[in-house]
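Numbering-wise, the sequence shown is residues 3 to 80 according to this note's numbering.
It should be emphasised that the hints constitute simulated quantities derived from the structure, not laboratory data. Check the hints yourself; a few may be wrong.
Straight-line distance between alpha carbons at most 25 Å, and here's what the computed DMTMM-like set of lysine to aspartate or glutamate pairs gives [unchecked claim]:
{"#": "1", "residue 1": "K65", "residue 2": "D35"}
{"#": "2", "residue 1": "K71", "residue 2": "E40"}
{"#": "3", "residue 1": "K65", "residue 2": "E7"}
{"#": "4", "residue 1": "K65", "residue 2": "D43"}
{"#": "5", "residue 1": "K65", "residue 2": "E26"}
{"#": "6", "residue 1": "K71", "residue 2": "D18"}
{"#": "7", "residue 1": "K65", "residue 2": "E12"}
{"#": "8", "residue 1": "K71", "residue 2": "E8"}
{"#": "9", "residue 1": "K71", "residue 2": "E7"}
{"#": "10", "residue 1": "K71", "residue 2": "E12"}
{"#": "11", "residue 1": "K65", "residue 2": "E8"}
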Amino acid sequence: AFENEERRRELIALVDTLPQRYREVVSLHYFEDLSYQEIADIFNQPAGTVRVSVHRGIRQLRKALEACKSKVEISDGA
Numbered sequence: 003a004f005e006n007e008e009r010r011r012e013l014i015a016l017v018d019t020l021p022q023r024y025r026e027v028v029s030l031h032y033f034e035d036l037s038y039q040e041i042a043d044i045f046n047q048p049a050g051t052v053r054v055s056v057h058r059g060i061r062q063l064r065k066a067l068e069a070c071k072s073k074v075e076i077s078d079g080a
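Model the full assembly from the supplied sequences, consistent with the hints where possible.
If you want it as structure tokens, here you go:
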């Protein structure tokens, strides 16, 4: 699923910057391939709550990626 190991390490490093509640569910869902229900069972939460947390975590990751991309573009242009 990942193009190469370096990209995977970069993604894991970004996931590690997430708040704990998002980091845990995003990691379990995407790296461990657990379903929302399986994660919900682990944390004793409704599956809908887990789904929302995963999506909020992904939204924060997108913002972080965009910020990194902007910094690279700025430094490349200087």
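Here is what the structure says about each hint:
1. Distance restraint check for K65 and D35: the Cα-Cα separation of roughly 23 Å lies within the 25 Å cut-off, and the hinted pair is therefore satisfied.
2. Among the hinted pairs, K71 with E40 is inconsistent with the structure: their alpha-carbon atoms are about 34 Å apart, more than 25 Å.
3. For the given pair, K65 sits about 22 Å from E7 by alpha-carbon distance, which is consistent with the 25 Å threshold.
4. Distance check on the hinted pair: K65 and D43 sit about 29 Å apart at the alpha-carbon level, beyond 25 Å; violated.
5. Distance restraint check for K65 and E26: the Cα-Cα separation of roughly 18 Å lies within the 25 Å cut-off, and the hinted pair is therefore satisfied.
6. For the hint pairing K71 with D18, the CA-to-CA distance comes to about 18 Å; that is within 25 Å, so the pair holds.
7. Annotation: proposed proximity of K65 to E12 holds, straight-line Cα distance about 15 Å (limit 25 Å).
8. Distance hint between K71 and E8 is fulfilled; the C-alpha atoms sit about 16 Å from each other, no more than 25 Å.
9. This hinted pair checks out: K71 and E7 have alpha carbons roughly 19 Å apart, not beyond 25 Å.
10. Between K71 and E12, the direct Cα distance comes to roughly 13 Å. Compliance with the 25 Å bound is thereby established for this hinted pair.
11. Straight-line distance between C-alpha atoms of K65 and E8 comes to about 20 Å, which keeps the hinted pair within the 25 Å bound.
Against the hints set out earlier in the document, violations occur for numbers 2 and 4.
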